[in-house]
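2 protein chains.
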Amino acid sequence: MGPIGIFDSGIGGLTVARAACDLLPTESILYFGDTAHLPYGEKSPELIRKYSTRIALHLVNSGCKAIVVACNSASSNSLEQVRDVVGPNIPVIDMVHPIVESLYNSTDDLGSNKSVGLIGTRATISSGLYKSAIDRLNDIKDVKLELLSRPTPLLASAIEEGFYNDTIPSAVLDAYLEDGFFDKVDSMILGCTHYPLVRKEVISLLPKSVDVIDPPAIVAEALKQKLEALGILSDKEKIQNRFQVSDLTENFKLGAQRFFGSDIDLEEVVLS
Amino acid sequence: MGPIGIFDSGIGGLTVARAACDLLPTESILYFGDTAHLPYGEKSPELIRKYSTRIALHLVNSGCKAIVVACNSASSNSLEQVRDVVGPNIPVIDMVHPIVESLYNSTDDLGSNKSVGLIGTRATISSGLYKSAIDRLNDIKDVKLELLSRPTPLLASAIEEGFYNDTIPSAVLDAYLEDGFFDKVDSMILGCTHYPLVRKEVISLLPKSVDVIDPPAIVAEALKQKLEALGILSDKEKIQNRFQVSDLTENFKLGAQRFFGSDIDLEEVVLS
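As given, the protein sequences belong to chains V and R, one line each in that order. Reminder that position 147 of the first sequence reads as 147 in my numbering, one-by-one numbering, no gaps. Heads up: take any position in the second sequence, counting from 1, add 1000, and you land on my numbering.
Read the hints as simulated data drawn from the structure, not as lab findings. There's no promise every hint is true.
Unchecked claim - Which stretches of chain V does chain R cover? Using the computed rule of at least three CB atoms under 8 angstroms from a CB of chain R, they are: (1) 43–55; (2) 144–158; (3) 165–173; (4) 238–251.
Just so it is clear, CB atoms sit at the ideal spot from N, CA and C, and this is done for glycine as well.
Chain V with its partners taken away, still in its complex shape:
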């Protein structure tokens, strides 16, 4: 049946790999972090597409039965291209659509002009994919959920550097959102796979009534439902998780442990 392929520009996507492991303990994971090219968040759509499709092909060629694009910048800019290269028989789960769909499932009074806030990289926000996904569901469900989005590019770098449980993420968020952004939203999407590590800091800056969405858990659930629907859930014991990166440094080893929540072995795999 093959493993589930999960990829990200770096190690942030390990928060999604962690959620997938927890929810689907009999599945094997093949993770690929493109540390040679991270971060994707400031790169052009064309370059993100080039990197993403190369990784997706690598995962398919390694026998993966499903692909999770565990990077908002890649999901927002390369989903169509990734689907094209992996072909119609392998499901591709992205970070954007499951989150947007969850908004409509969880909020029972969307009719009253609710606002959802989104923070993420520049590449994620400027792609407009969250916006178009929300517009589409607004039409279908005849509601008026409004999206307020704001790029917060330094936040992922700060987290990658180990600045969480710390004053730096709050200072960075303050600098980007000092105009009262947080006061205007009814729920918040943490639109970058690094951000779950500063969930606490985000919550502390929000008015109490704001619901903070947990993307890794939602994406893992969407993955499970897709595997079930296709009848390709593993019914055997898990074989092995493997974690590959395109550039291996001591700092990535430390960071990987932080994002995955337990020790993992990284191996370097250079794609060409």
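Dock chain R against chain V, hints included.
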């Protein structure tokens, strides 16, 4: 005679290009910023070498008469390899050696155990090149200049994001150097081509007597001396400056203006 080739992982090296333009107004510059692969500061030495040598070859093939490695991470990890690929007839100026030599020229009482502080990326600090260059000159000059170095990786990202003249760089520096690092040094090397933009913030955190070294001006002077020594200074009018990047986004255009200090046209050139 050809232009002077100047390269960096991104747009920070434009501070060096600016200093070179100011000091050598009759020279043409060909700048290359590897924005497709930035930042180099967290990447492995092997990967930095791969990227640096590819760019150096491109600059030589474009007719450059001299190369400036305007990136401390690249200077610290790939200088030998860059020299190898450009060959013995083209001078290569790096960020490390001119700075270290300037310490011995400017400080007149080095015998009394002076300490120099260095902040930079992880790749710069862990390469140990500043340390070995200082050790070598200590031996030659029979003095005991001590190097105290500290990686401050988030600082370059913060500057690249436009956070200068701002509280964020100071907060970041405080977080890295809160153990009183600044109190122990007699002079400070800003060991990353982004850092001149936060020179003011660094100075405000330092005891008054600490001398803050200005790498772009020193490297431009070293370049001038090298061109003079080789008799290849241009005696004609400047022809043209060109600025190439490997990935072109709106944000890089804005940033380039910020680092160079005036409007420039960026063109995208993909190396393979």
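Report task. Could you work out which earlier hints the structure fails to respect and list their numbers in ascending sequence? Result -> none
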